[in-house]
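**Q** The chain contents come next:
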Amino acid sequence: MNVKHLGSTLKSLFIRLVIPAAAALSISAHAAQPLKIGYSDWPGWVAWQVAIDKGWFKEAGVAVDFEWFDYSASMDAFAAGKIDAVTMTNGDALVTGAAGGKSVMIMLTDYSNGNDMIVAKPGIKSLKDLKGKKVAVEEGLVEHLLLLNGLKKAGMKESDVTLVNAKTNEMPQVLASGDVAAVGAWQPIAGQAMKAVPGSRPVYTSANEPGLIYDVLAVSPASAKQNKAEWAKVVKVWDRVVHYINDPKTQPDAVKIMAARVGVTPQVYLPLLKGTHLLSLADGKKIYVKGPGFASLHGSSKVADDFNVANGVYKAHQDIDSYLDSSFTNAK
Amino acid sequence: MSTTSKWLGSVDGDARKRMLLGIGSFLLPLLVWCLVSYVPFVWHPKVHVIDPGGVDYFQVDMLVDKTMFADEVANMEREHLAVPTGKSANPIYLPAPDQVARAFYNGFVNPPQSKDVPSMPASLWHSIQIIFWGFLISSIVGVPLGILSGTYTLMGRLSEPFIEFFRYLPAPAFGALAVAILGIYDGPKIAIIVIGTLFQQVLIIANTTRKLEVTLIEAARTLGTRNIKLLSKVVVPGILPDLYRDQRILLGWAWTYLIVAELIGTSSGITWFITQQARYQHFDNVYAAIMTIGIIGFGTDLILARLGRRLFPWDRTQDRR
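Those protein sequences? They're chains A and B, same order as listed. Positions 1 to 332 (this note's numbering) are the ones given, in order, by the first sequence. Positions 333 to 653 (this note's numbering) are the ones given, in order, by the second sequence.
No wet-lab data here; the hints were simulated from the structure. Mixed in with the good hints, there may be bad ones.
Stated by the list, open to error - Computed cross-link-like contacts, DSS-like style, restricted to lysine-lysine with a CA-CA straight-line distance of at most 25 Å: (1) 398(B) x 125(A); (2) 195(A) x 167(A); (3) 167(A) x 133(A); (4) 419(B) x 256(A); (5) 228(A) x 285(A); (6) 447(B) x 236(A); (7) 398(B) x 121(A); (8) 121(A) x 274(A); (9) 233(A) x 419(B); (10) 447(B) x 36(A); (11) 58(A) x 225(A); (12) 286(A) x 228(A); (13) 195(A) x 447(B); (14) 286(A) x 274(A); (15) 447(B) x 249(A); (16) 157(A) x 133(A); (17) 398(B) x 195(A); (18) 131(A) x 167(A); (19) 157(A) x 167(A); (20) 58(A) x 236(A); (21) 134(A) x 153(A); (22) 285(A) x 274(A); (23) 285(A) x 315(A); (24) 54(A) x 36(A); (25) 236(A) x 285(A); (26) 285(A) x 256(A); (27) 447(B) x 54(A); (28) 157(A) x 128(A); (29) 121(A) x 419(B); (30) 58(A) x 419(B).
Using the sequences provided together with the hints, build the complete structure.
**A** Quick look at the structure:
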């Protein structure tokens with residue numbers, strides 16, 4: 001290879017990579033930057049893509065920068081202070097906060113309405129049939145919480161089943177192996193588990209306990225304070241997104257955008273969207289009202305907090321009030 | 333005299349035959365893959381449902397176990413209901429060669445529908461840049477350090493025990509720390525490649541340096557060569573062909589860290605493509621992406637090997653690949 005040519009290639013690589021990298025580093029020191037939001041592959045969060053593609057943030061006069069992550073990587077980046085906000089579940093907001101990545105939940109995106117499920121192999125028709133059998137869940141995660149909630153409702157205890165700890169991604173194979181009677185997983189993994197074992201069916205889902213798992217936009221407390229006006233605009237854009245997706249006239253277009261983001265066809269994506277109940281600001285207002293039980297974000301977070309402490313996810317109870325800020329949702 | 337050795341002997345001299353064997357080494361696994369994929373009685377543990385018949389939980393395109401399918405056929409016959417039909421299939425995790433070939437073609441020809449989603453070539457180019465910078469940075473530190481450790485006992489004894497220790501630490505475990513220090517974009521990914529490569533690099537190059545004939549160094553020292561000059565005039569020229577080959581192997585090593593490195597921070601590169609496609613069980617696309625990595629890695633190595641023969645014509649080991 002020609003040395004001169006190599007030199008110029010190196011130079012162009014330098015220009016392409018190092019300079020932007022350096023620029024990106026120096027940018028973070030400046031004020032009035034776009035709000036950096038991490039999002040990941042869950043229908044309630046992919047929904048933001050509609051606003052991104054339609055240019056609604058620009059219309060609302062707010063500069064945002066959505067970064068696509070793997071879910072756990074997005075929480076890591078938030079905890080490291082590299083992004084201003086992240087989409088996560090209310091329970092995970094507590095977990096991240098207990099480890100130092102404190103956040104305030106400024107708005108709700110959705111609650112899981114059937115997308116989280118306990119899938120049992122053929123022949124098992126209800127949670128009661130699981131007595132004395134093995135159930136695979138990823139311990140400490142939402143499906144574990146879902147299972148406990150279901151068992152309690154069925155008048156059973158955690159000790160009535162034998163928990164097997166497994167990775168959520170591998171649940172289809174775990175159920176197919178026949179070593180366990182049921183697995184806990186969310187979509188699209190749960191759907192694959194049912195495909196892998198024909199005749200298997202969900203015996204308990206998040207639709208049985210709406211509000212067990214809320215999904216939120218969690219913002220770093222500093223950014224929520226300094227950029228209050230900007231975040232208020234983001235919250236308003238969300239309302240527009242929910243209406244666009246829920247309106248039967250515009251829903252096909254919205255599903256097309258969302259499906260394209262995750263790389264599947266709209267037909268495959270539609271059922272996943274149906275298992276997610278998107279929350280408009282009006283819906284959100286009701287859920288922000290403090291109260292016990294799953295109809296309230298506070299109540300739901302309290303359950304998650306107790307669960308996390310009981311399972312050793314973290315040691316000390318979190319101050320739930322400090323994680324909730326209803327002022328954005330209630331404004332207008 | 334056995335004919336085998338004669339045959340091997342002639343192959344050694346005959347470049348064309350060697351090339352044919354090389355192609356054969358690819359064709360054989362491909363043949364096995366085709367056999368498993370296209371010959372229905374080889375493996376095929378599943379049945380792809382074409383018509384569910386009277387079985388209430390069967391659906392079109394569902395994959396079911398062979399025994400279960402047979403049971404249901406028997407059930408339906410007993411109950412005089414419509415019998416399900418289907419054809420033998422492999423698990424979804426093993427796509428057939430033609431599916432992968434089509435996915436490969438699609439990946440390069442059809443751009444993704446969302447403008448925020450990078451295409452397969454763009455993802456790949458991103459990954460190549462990560463590898464390039466990771467390997468370059470690792471080499472800038474690792475090569476000189478390796479040579480010094482190999483040449484000077486003192487240096488070796490000071491650095492190598494720690495490096496020996498550190499190379500066992502799993503590079504991906506430093507992901508969260510790398511994000512905290514270097515941000516969410518390419519910085520932490522490059523860092524993981526460096527952590528994964530550097531420590532092996534120092535040890536391998538130090539060992540290569542030690543293999544240089546001691547008499548050469550002693551002669552040079554007797555003649556008064558010291559320090560920089562000893563390194564630049566004796567050690568480096570002495571080990572250069574071997575060093576070059578080490579670097580070739582280490583570059584392959586760097587590639588193996590790519591998949592874990594790219595899971596850190598924002599989703600990007602070929603790993604983004606692979607994990608996203610795997611999540612929705614598009615294993616044809618997954619395999620196409622994996623193959624592309626293989627092709628690029630192998631292709632680079634072929635070019636570097638050829639370059640090695642050009643650069644070091646006196647070193648016969650460069651011929652062996």
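**Q** Would you mind marking each hint as holding or not holding in the structure?
**A** So, going through the hints one by one against the coordinates:
1. 398(B) x 125(A): 24 Å, holds
2. 195(A) x 167(A): Cα-Cα ~18 Å, so holds.
3. 167(A) x 133(A): 19 Å, holds
4. 419(B) x 256(A): Between residue 419(B) and residue 256(A) the Cα gap is close to 32 Å, so the pair fails against 25 Å, i.e. violated.
5. 228(A) x 285(A): 18 Å, holds
6. 447(B) x 236(A): Holds - the C-alpha atoms of residue 236(A) and residue 447(B) are around 24 Å apart, at most 25 Å.
7. 398(B) x 121(A): 17 Å, holds
8. 121(A) x 274(A): Holds: residue 121(A) and residue 274(A) sit about 23 Å apart, inside 25 Å.
9. 233(A) x 419(B): 55 Å, violated
10. 447(B) x 36(A): 19 Å, holds
11. 58(A) x 225(A): 21 Å, holds
12. 286(A) x 228(A): Within the cut-off at roughly 22 Å; holds.
13. 195(A) x 447(B): Status violated; Cα separation ~31 Å.
14. 286(A) x 274(A): Holds, at roughly 21 Å.
15. 447(B) x 249(A): 23 Å, holds
16. 157(A) x 133(A): 13 Å, holds
17. 398(B) x 195(A): Judged against 25 Å, a Cα distance of about 14 Å means the pair holds.
18. 131(A) x 167(A): Satisfied, since the Cα-Cα distance of roughly 22 Å is no more than 25 Å.
19. 157(A) x 167(A): At roughly 23 Å apart (the allowed maximum being 25 Å), residue 167(A) and residue 157(A) satisfy the hint.
20. 58(A) x 236(A): Judged against 25 Å, a Cα distance of about 12 Å means the pair holds.
21. 134(A) x 153(A): Between residue 134(A) and residue 153(A) the Cα gap is close to 19 Å, so the pair holds against 25 Å.
22. 285(A) x 274(A): 22 Å, holds
23. 285(A) x 315(A): Given that 25 Å is the threshold and the Cα spacing comes to 31 Å, the pair is violated.
24. 54(A) x 36(A): 18 Å, holds
25. 236(A) x 285(A): 13 Å, holds
26. 285(A) x 256(A): 29 Å, violated
27. 447(B) x 54(A): 12 Å, holds
28. 157(A) x 128(A): 11 Å, holds
29. 121(A) x 419(B): 24 Å, holds
30. 58(A) x 419(B): Violated, at roughly 53 Å.
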